[in-house]
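Peer 1: Chain residues, written in single-letter form:
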Amino acid sequence: MPLLELDNVSVAYGRIEAVRGVSLAVEEGELVTLIGANGAGKTTTMRAISGIRPLSTGTVRFDGQDITRMPAHKRVLAGVVQAPEGRGVFPGMTVMENLEMGAYARTFASKAEHDETVDRVFELFPRLAERKTQVGGTMSGGEQQMLAIGRALMARPKLLLLDEPSMGLAPMVIQQIFRIISEINAQGTTILLVEQNAQQALSRSDRAYILETGEVTTTGPGKDLLADPAVKAAYLGVA
Amino acid sequence: MTTTTASVPAGKNRPYSGTGDRLRLWWDAQARPTQWLIGVPFIVFIAFLPVLRIPVLTTVGTDFGGVMAQFGMIALVAIGLNVVVGSAGLLDLGYVGFYAIGAYTVALLTSPDSPWNLTDQWLSQRWAWLFCVPIAIAITAISGLILGSPTLRLRGDYLAIVTLGFGEIVRLLADNLTTITQGGRGLQGVAFPYFGGTDKNPDGVFSAGNSDAPWNSGLWWFWLSIVLIVIVLLVVGNLERSRVGRAWIAIREDEDAAEIMGVPTFKFKLWAFMIGAAIGGLSGALYAGQVQFVVPTNFNVINSMFFLCAVVLGGQGNKLGVILGAFIIVYLPNFFQGRTSLFGIPIDGNDIAGYKYLFFGIALIVLMIFRPQGLFPARQKLLAYSRGLYQAARRAALGGDRATSAAAVLADGPADASSDVPGAGTKDGGDR
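Going line by line, the protein sequences match chains A and B.
Going by our numbering, the first sequence opens with residue 595, and the numbers climb by one from there.
Going by our numbering, the second sequence opens with residue 20, and the numbers climb by one from there.
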């Protein structure tokens, strides 16, 4: 049974359907990528999974449970945690306070467990450890992205949703962020990644879905899609 | 990683270094008992200001006690509005509606003009006010819930417009339900607390008839409001330091992000609305008791703006700041009212007081340009930790190295991106 399963999901903004009948599945331990052009419905799909956007039709199942009508804050407790598009770092809070907000819904059995979680985040992002007391709003884009991912990890997600983590970052930083994403996945967290950077995303993911104007058009292992001529033409800029 | 040094934006996130910050640092570094030792005499001094009659400070046109009583009520309103606007970041332009509901609840239950008057039945006139205050608080809290549950799904400007409408609806209802509220004629003879009746003042010290300056009714109402302000501050302060306060700040900063961190945002917004409304209702009940007369014109929309002005002027999110904001707003017009000369210079004080809305409007515009965070801005820091840890951190930072300590403490919050502050490390080590 897949960890996350979307069945015939549609999401509408008023009369405009941004996502039409999307079905996808993410198995436990996988790194799955959703790629597509601007306006293909990637972010809307993410928002439907995290619960910020209500569905018009379809069901979302997570961990064997129907969470279609579950409010977003309860999905965090169930294990679906998102690092939102545009990072969504709390600008007036320090790095440490942002991380603590990530663990808002979670109760720690002991202080040791809490420290362990924080240490793990700092291990992945040593940069954050150096900047514990810096205010989120004054950080660079790359640092904010690290903070957004670190904050999401504080909730100990079963499924981590990453919405365009490479957006607006320098190539060097993108490399680094993707390496860390692979590492998080290797440590056992299932990841659903939304990306426009197809090259990086596809080469690192187990499987991928391609969204076009609100519908899934192609699916398959990441490496296969990388070699697919149609994908190459559309997303990799190779004729 | 990139070595991009984020430029430190002006305003909210810029490092502070003014007199106010030094004062705050010093205050935060004191132990709780020391704070009480300094705080209590200070409050007592403020409480006796109307008695001391300090020459220039004392108002001329209106009795000083009455002015301070008004200040006390507006301060309560500002604290309540600050929960909604400052903490949770929900712009409420109809806050006067809650103030009106609080005042009208007391008036409708105790005025002889009202069809729902209880004082001619089983309720003694002496205890009527005290009996009605909890009812007023409960009813305004419920009205906050009723207004909030449909409207808090809206955000930003939309919420502001809906709340503005609510404030007007309350006033128009009071004006037009003439069979109940007597409309523009108002409700007279509202109950007030009975305390310390003498032959000269058979109705007690809180009665509007008590005009034995300086121990007149205004002074007593001021004292009562000080007690209530202290209680409300303790309650709100504890809330702000709890998970509720953290949720409010997260909602203010980024509502969607808060929701996907597992904060039930709608619930906490509703809480902020209800708590704010309840405090506004309490203030309204005080007002009704003090003036013993309630008319719709006292609850115009301009009052909402006035309340908001106190909060914005004082500094959104800072409880003590908004109290000072309330003081400025109430005291300054009354300072000029009736004054014909200031330091030997002849002035037309009544004229100056009459233009108060113009002056406060200009003051707000100037403030938005030069100090948008308000005169005494909030500095929300280390909210995730308890006060004890916060102090331990401060002591560690201060004890580490006297020369750099001030810089360390100042920089530990909104440090600029390139700083590696000495002492900050010690502090983080001490946190856990």
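Treat the hints with care, as some may be off.
Straight-line distance between alpha carbons at most 25 Å, and here's what the computed SDA-like set of lysine to any residue pairs gives [to be verified]:
| # | chain 1 | residue 1 | chain 2 | residue 2 |
| --- | --- | --- | --- | --- |
| 1 | B | K286 | A | T701 |
| 2 | B | K286 | A | K726 |
| 3 | A | K705 | B | V263 |
| 4 | A | K726 | A | A699 |
| 5 | B | K375 | B | T77 |
| 6 | B | K375 | B | L68 |
| 7 | A | K726 | B | E274 |
Quick look at which bits of chain A chain B covers, simulated, 3 or more residues with Cβ under 8 Å [as the list claims (entries may be wrong)]:
| # | region |
| --- | --- |
| 8 | 656-667 |
| 9 | 675-688 |
| 10 | 795-802 |
Simulated from the structure, these hints should not be mistaken for laboratory data.
Remember, predicted model here, so these are calculated numbers, not experimental data.
Every residue, glycine too, gets a C-beta built ideally from N, C-alpha and C.
Peer 1: Run every hint past the structure and note whether it holds.
Peer 2: How the hints compare with the structure:
1. B:K286 x A:T701: holds, 19 Å
2. B:K286 x A:K726: Distance of about 30 Å is beyond 25 Å: violated.
3. A:K705 x B:V263: Cα-Cα ~21 Å, so holds.
4. A:K726 x A:A699: holds, 21 Å
5. B:K375 x B:T77: holds, 19 Å
6. B:K375 x B:L68: Given that 25 Å is the threshold and the Cα spacing comes to 24 Å, the pair holds.
7. A:K726 x B:E274: holds, 23 Å
8. 656-667: Answer holds; 3 residues pass the 8 Å Cβ test.
9. 675-688: Since 10 is at least three, the answer is holds.
10. 795-802: Violated, because only 0 residues of the region 795-802 of chain A bring their Cβ atoms closer than 8 Å to Cβ atoms of chain B.
Comparing the model with each earlier hint shows violations of hints 2, 10; every other hint is respected.
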